[in-house]
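Visitor: Chains as they are written, first to last, in our numbering: chain A, 1 to 254; chain B, 255 to 522; chain C, 523 to 796.
Treat the hints loosely; a few may be bogus.
[What the hints assert, rightly or not] With a Cα cut of at most 16 Å, we get these calculated EDC-like pairs of lysine to aspartate or glutamate:
| # | chain 1 | residue 1 | chain 2 | residue 2 |
| --- | --- | --- | --- | --- |
| 1 | C | Lys-706 | B | Glu-360 |
| 2 | C | Lys-706 | B | Asp-480 |
| 3 | C | Lys-706 | B | Glu-353 |
| 4 | C | Lys-706 | C | Asp-686 |
[As the list claims (entries may be wrong)] Derived coverage of chain C by chain A (criterion: at least 3 residues anywhere in the stretch with Cβ under 8 Å from a Cβ of chain A; other residues may be distant):
| # | segment |
| --- | --- |
| 5 | 644-654 |
| 6 | 731-737 |
In short, the hints are calculated from the structure, not lab data. The C-beta atom is built at its ideal place from N, Cα and C for all residues, glycine as well.
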Amino acid sequence: MRRVRAYGPPALVLVAVIAVWEAVVFIFSIEFYLLPAPHVIVRSLRENYPVLIEAARYTFAEAIIGYFAGCGGGILAAMVASRSPQFADLVLPYAVASASVPIVALAPLAIVWFGVAQGSKIAIVTLMTFFPTFISTLRGLLSAPPAALELMRSCAATDRQIFLKLTLPHSLPMMFTALRACTTLAMIGAVVSEFFGGPVKSLGVYIKSTASLFQTRQAWSAILVTCALGLLFYFAVALAERLALPGRAQRAEI
Amino acid sequence: MGTPAIEIVDVAKTFGDQTGATEALRGVSLSVDAGEFVSIIGPSGCGKSTLLRIVGDLVPPDSGVARVNGKSPRQARLDRDYGIVFQTPVLYDWRTVLENVQLPLELAGRSRQEREARPRALLRLVDLEAFARHFPWQLSGGMQQRVSIARALALEPSILLMDEPFGALDEMTRDRLNLELLRVWQESGATALFVTHSIAEAVFLSSRVVVMSPRPGTIDRVVDIDLPRPRTDRMRADPRFFELVTTVREALRGDPAVAGGDDSGRSP
Amino acid sequence: MSETAGAARADRAEASRRRRGALAVIGAVVVIWEGSKALFAIPRYKLPHLYEILADFFREGAGGERWFTIMAQNAGVTALESLIGFVLGGAIGFILAIGFAHSRLLERGLLPYVVASQTVPVLAIAPMVVVWLGTSWFSKAVIAAYLTFFPVTVNMARGLRAIDPDALALMRALAATSRQVFVKLRFPTSLPYLFTALRISATASVIGAIVGELPVGSRFGMGVVIINAAQYYNWQPANLWAAILVSALIGIVFYHAVAFVERLVSWRPVASTT
Numbered sequence: 001m002r003r004v005r006a007y008g009p010p011a012l013v014l015v016a017v018i019a020v021w022e023a024v025v026f027i028f029s030i031e032f033y034l035l036p037a038p039h040v041i042v043r044s045l046r047e048n049y050p051v052l053i054e055a056a057r058y059t060f061a062e063a064i065i066g067y068f069a070g071c072g073g074g075i076l077a078a079m080v081a082s083r084s085p086q087f088a089d090l091v092l093p094y095a096v097a098s099a100s101v102p103i104v105a106l107a108p109l110a111i112v113w114f115g116v117a118q119g120s121k122i123a124i125v126t127l128m129t130f131f132p133t134f135i136s137t138l139r140g141l142l143s144a145p146p147a148a149l150e151l152m153r154s155c156a157a158t159d160r161q162i163f164l165k166l167t168l169p170h171s172l173p174m175m176f177t178a179l180r181a182c183t184t185l186a187m188i189g190a191v192v193s194e195f196f197g198g199p200v201k202s203l204g205v206y207i208k209s210t211a212s213l214f215q216t217r218q219a220w221s222a223i224l225v226t227c228a229l230g231l232l233f234y235f236a237v238a239l240a241e242r243l244a245l246p247g248r249a250q251r252a253e254i
Numbered sequence: 255m256g257t258p259a260i261e262i263v264d265v266a267k268t269f270g271d272q273t274g275a276t277e278a279l280r281g282v283s284l285s286v287d288a289g290e291f292v293s294i295i296g297p298s299g300c301g302k303s304t305l306l307r308i309v310g311d312l313v314p315p316d317s318g319v320a321r322v323n324g325k326s327p328r329q330a331r332l333d334r335d336y337g338i339v340f341q342t343p344v345l346y347d348w349r350t351v352l353e354n355v356q357l358p359l360e361l362a363g364r365s366r367q368e369r370e371a372r373p374r375a376l377l378r379l380v381d382l383e384a385f386a387r388h389f390p391w392q393l394s395g396g397m398q399q400r401v402s403i404a405r406a407l408a409l410e411p412s413i414l415l416m417d418e419p420f421g422a423l424d425e426m427t428r429d430r431l432n433l434e435l436l437r438v439w440q441e442s443g444a445t446a447l448f449v450t451h452s453i454a455e456a457v458f459l460s461s462r463v464v465v466m467s468p469r470p471g472t473i474d475r476v477v478d479i480d481l482p483r484p485r486t487d488r489m490r491a492d493p494r495f496f497e498l499v500t501t502v503r504e505a506l507r508g509d510p511a512v513a514g515g516d517d518s519g520r521s522p
Numbered sequence: 523m524s525e526t527a528g529a530a531r532a533d534r535a536e537a538s539r540r541r542r543g544a545l546a547v548i549g550a551v552v553v554i555w556e557g558s559k560a561l562f563a564i565p566r567y568k569l570p571h572l573y574e575i576l577a578d579f580f581r582e583g584a585g586g587e588r589w590f591t592i593m594a595q596n597a598g599v600t601a602l603e604s605l606i607g608f609v610l611g612g613a614i615g616f617i618l619a620i621g622f623a624h625s626r627l628l629e630r631g632l633l634p635y636v637v638a639s640q641t642v643p644v645l646a647i648a649p650m651v652v653v654w655l656g657t658s659w660f661s662k663a664v665i666a667a668y669l670t671f672f673p674v675t676v677n678m679a680r681g682l683r684a685i686d687p688d689a690l691a692l693m694r695a696l697a698a699t700s701r702q703v704f705v706k707l708r709f710p711t712s713l714p715y716l717f718t719a720l721r722i723s724a725t726a727s728v729i730g731a732i733v734g735e736l737p738v739g740s741r742f743g744m745g746v747v748i749i750n751a752a753q754y755y756n757w758q759p760a761n762l763w764a765a766i767l768v769s770a771l772i773g774i775v776f777y778h779a780v781a782f783v784e785r786l787v788s789w790r791p792v793a794s795t796t
């Protein structure tokens, strides 16, 4: 019964939105190039499936490689920085300040340096995912309760043991929060960098070009694919989190 | 004598969910006269907080009748007959100490003049006038609770409900605040219903101590405290005080024949 | 805990230390920049000299005006689009969050989508918005509003729900009306959450406005400047760098403006780190 209460209303909303959408297009005879009806979009999706899948693969490769590079780098840098809290204090404000910089604006420069292919997008995604991961992981590593540290030391634990058995596990929740958020950042980074310039077989360029040519059905189907990709990516990481942190009733806290 | 300030007749309350129901209160009856100071003491789960909240119309009883100042608890609440103090000070971080004490007056739509004058007087009463412009997080726990008490008196209530207000404080602060509470209570002339874990505190403050036991929550005994008023710190060393504390302790244990022994095992 | 002379002196020492740190960082950037250029012989088109970027601002553009003026005008356009969108999105998010607080049914139906939208690259829809609403400032503002709306709703809803149950019991004990409970308890409690979202949204709005200026047809804004600078990169590489610098500055200024307002409104010392 609880499931119905939880999933009922959103499902209802989804059905209602699709129904209203179809109705509005039908009643007002809205041109297909302005606002295509849902069933038209679905048809377009089926028709263009091969093209869309290839574009999805291309773009997702950028996102995921950049994700691993940026998040991996962020975690490693955080581990290094956590050895020296003074250094962390020095570096942290700048890392946080980077959140106010529209990193995506660097995309054209990345193209100059790495060419118009995937390399430039990977660079942007790496940069975008590095900082949040660095900040959250560092905070997590530095947040072990002093009482727990004292307990470890009273058992004559070595530095390495303290790190593996206390500091690292304790930092996982904060790290995973950032890892989840970075999936979205990675997708945005990849797609939006492609807006600034990229090959046709990428989702971003596909959306932009079909939109500008008023091929709205194709544009919408590509947008849907992008959103689905983003959701899947997010849930994959959320699943990994649930496996890595058992027994922590993780509500979808975003 | 007249009508009792608080009258509880055969009140019952069960909390339940899918896993099982807990009978928090069963067949509880109590009568508190106007101006009395009554403490309720008992182990965890005996329903003492629930009882207090029923009186305050924060929780509805499943059966039985509760009357506050001759009215239903709901009416008493809407008429703002009582002030309440919780275990945590529940002060608003974004308001100064003075503004926190003003809150009840604001909500009751009192005049501006009253809103200015009365909180100051109350802060003077609890010796915190110097901190009127401070923020709650700048004060110690004991000071915050004193502000909380001042706020409870803002609307000159005829009844004071207190749910373990000093539970989170250390013993020295607690003893000091006990004296201060008695002074404030005497000046206000209100009826006080006080929930606590501490036997010494219950005996020190009240004219009667209501001992409850859990599962289901019922009243075991009511111990009359015949110590003279005003109470002083020296009374804590009085033989009569010890006798009364022992009586309450035995009532809590539920076995009047057992004397002495280690009571530190008594779970809070 | 009140301010003593010692605490004030410590604050000043901290501030001067931070200033020295900032100067050190700028110095380090200059050294690394020019150093790597010299060391790795990085050509001018990949990494112009720092002074070239600065000089670009004083160069004359096609119309005869200095680039400084051109950048400033376009920056103003982008900033305005972001601001309008930010305010609009914030207001709608705020109202929706209040709606959620009042109607659990509404919350259960819509909140999952709002939350889910934070996991989805919402910006992908930007070209579509420009198709619908044209290439005027309006479509950019709508994109910025769209990006602001989601975090504001989610955070505000969370803040409105994160009330201490004892505080609610207190309000009930004081016979407060729902309106009083909202104004005097729920709203002040949710402000910190609101500002967290607003800080995120500040940068997002700027990105949204710039991305909205990318599709063909827009004439003003930093997005347009960037695209043009990218096109003519081989002739004037410094121009693109300058344009990106200005865009970054808009984002930073916007973010700190919001942080500044937050500090004004807050009753507790707000940590400058999130």
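Visitor: Quick one: which hint numbers does this structure break? Sort them smallest to largest.
Guide: Violated: hint 2 alone.
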